[in-house]
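**Student:** Between the sequences and the hints, there should be enough to build the whole structure, so can you do that?
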Amino acid sequence: MFLIEQNDNERTIECPACSLSETISDDERLQAFEERHAQDGMQYRCLECGASGPASP
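If you use our numbering, the sequence shown corresponds to residues 2 to 58, in order.
Just so you know, these hints were derived from the structure itself, not from any lab.
Glycine included, C-beta positions come from ideal geometry on N, C-alpha and C.
Incorrect hints may appear among the rest.
As the list claims (entries may be wrong) - Computed spacing ranges between beta-carbons, pair by pair:
hint, residue 1, residue 2, range
1, G51, D9, 26 to 34 Å
2, G51, N10, 15 to 23 Å
3, I25, S53, 24 to 32 Å
4, R37, P58, 26 to 34 Å
5, M43, N10, 17 to 25 Å
6, R12, S53, 25 to 33 Å
**Tutor:** Shown next as structure tokens:
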């Protein structure tokens, strides 16, 4: 599961496989991860190592 931390208007996403992380503000787009809506919530894919999965609760 991808670790998501939310602070004010910033969000940090960390890959569970390779530990790559990216911090973006609300008006920025992710560069290191792909984000998509799925039936069971948000799904993420790391563009560095290819790992994919849901966000941690």
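**Student:** Run every hint past the structure and note whether it holds.
**Tutor:** Taking the hints in turn, this is what the structure says about them:
| no. | hint | in the structure |
| --- | --- | --- |
| 1 | G51 x D9: 26 to 34 Å | 31 Å, holds |
| 2 | G51 x N10: 15 to 23 Å | 29 Å, violated |
| 3 | I25 x S53: 24 to 32 Å | 19 Å, violated |
| 4 | R37 x P58: 26 to 34 Å | 18 Å, violated |
| 5 | M43 x N10: 17 to 25 Å | 18 Å, holds |
| 6 | R12 x S53: 25 to 33 Å | 18 Å, violated |
Figure legend: structure checked against the earlier numbered hints; hints not met, in rising order: 2, 3, 4, 6.
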